[in-house]
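*Asks:* Residue strings, one per chain:
Protein chains: 2
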Amino acid sequence: MKLLEERIRRDGRVKAGNVLKVDSFLNHQLDIALYNEIGKEFRRLFPSDRITKILTIEASGIGIACIAAQYFQVPVVFAKKSRSINLDGGVYTTGVRSFTHNRIYDIIVSAKFLSKDDHVLIIDDFLANGCAVSGLIELVKSAGAGIEGVGIVIEKGFQEGGRRLREQGIHVESLAVVDAMNAATGEITFRR
Amino acid sequence: MKLLEERIRRDGRVKAGNVLKVDSFLNHQLDIALYNEIGKEFRRLFPSDRITKILTIEASGIGIACIAAQYFQVPVVFAKKSRSINLDGGVYTTGVRSFTHNRIYDIIVSAKFLSKDDHVLIIDDFLANGCAVSGLIELVKSAGAGIEGVGIVIEKGFQEGGRRLREQGIHVESLAVVDAMNAATGEITFRR
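Residue numbers (this note's numbering), protein chains in the order written: chain A, 143 to 334; chain B, 143 to 334.
Calculated from the structure, these hints are not laboratory results.
Check each hint, because a few of them may be wrong.
Identical copies carry no separate label here, and so any pair may be met within one copy or between two of them.
In silico lysine-lysine, DSSO-like type, Cα no more than 30 Å apart, as pairs [unchecked claim]:
1) 258 to 182
2) 258 to 223
3) 222 to 157
4) 283 to 254
5) 144 to 223
6) 283 to 144
7) 144 to 258
8) 283 to 182
9) 144 to 157
10) 258 to 283
11) 157 to 258
12) 222 to 258
13) 163 to 144
14) 283 to 163
15) 254 to 157
16) 254 to 222
17) 254 to 163
18) 258 to 163
19) 163 to 222
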């Protein structure tokens with residue numbers, strides 16, 4: 143997605159440790175006009191009328207999923223990350239490794255909001271090692287629901303999450319795939 | 143807001159301890175069509191052209207703020223709740239008491255995204271004791287920015303957050319104000 147790549151080049155910043163900061167438009171301050179273009183592009187890439195729900199994970203996936211959901215006309219469900227949430231009734235839960243914070247946390251969805259009749263599109267802002275998305279896929283499978291695909295805004299193509307998911311036959315679409323970045327020069331190489 | 147009150151009556155559930163569960167449409171599964179009506183109503187209630195930014199707090203405020211922002215054509219900034227976030231550069235931060243989790247947590251906004259030239263509309267899903275909103279107001283004041291108002295989806299009118307904010311001269315608009323609720327009967331009384 144050209145508009146997104148241009149925006150990443152202009153406003154993204156490459157930091158040591160393969161960190162790409164896009165906090166001025168994607169995940170701290172949110173450019174809603176850009177979010178709308180992202181939402182439209184997800185709809186173009188996932189045109190299926192079978193999709194019944196968009197699943198994402200707090201916090202930075204929520205806004206993207208909500209704006210995108212307007213183009214799908216389905217509800218959004220977001221998985222919560224927590225130890226201490228008061229969800230009554232049954233839940234689906236799984237552990238997810240966070241490399242950023244070097245710990246394992248639980249992600250949780252109330253069982254009321256995913257059923258075997260659902261066809262789920264998973265949306266998130268970043269895909270790197272794929273742990274968060276794999277956790278969301280676990281939750282969908284626990285519910286007996288179908289996975290229609292995974293829509294990602296920025297994939298770090300030099301990490302293995304995207305390859306692993308595609309090898310499992312999951313339909314993954316990433317709007318920008320970063321194949322390399324250089325913290326010294328700030329250079330970002332996108333996949334063609 | 144009639145549509146919202148009807149939805150709360152239909153799908154909300156009153157639990158012991160003055161808990162109102164609206165997780166099927168507002169803060170776990172998200173009804174985006176309703177979110178759009180909420181966004182339009184906030185715009186009607188805050189028509190000022192001076193608003194430059196919508197500020198909210200993760201996680202459940204984000205979706206509402208993003209959908210609403212489409213009617214204001216301004217960016218959203220969300221405050222993060224955390225101890226361990228890697229925000230480079232200056233930040234604005236303050237402590238907020240959580241009655242739900244019985245602890246104090248920090249809320250943080252990068253100083254890059256709030257400036258003295260900003261006129262900020264604060265949006266959140268719930269207002270009860272007002273601690274989260276007061277924390278957001280602190281962040282706005284730290285930046286030297288102006289507060290245009292506070293837009294709340296559901297205010298618990300029997301708790302004192304709303305009254306306190308209005309006494310400070312803050313323009314608070316709540317789309318539904320619950321004056322009483324009864325966990326035994328499930329009855330909800332809205333303010334007229």
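*Asks:* For this structure, which hints from the list above don't hold up?
*Replies:* 5, 6, 7
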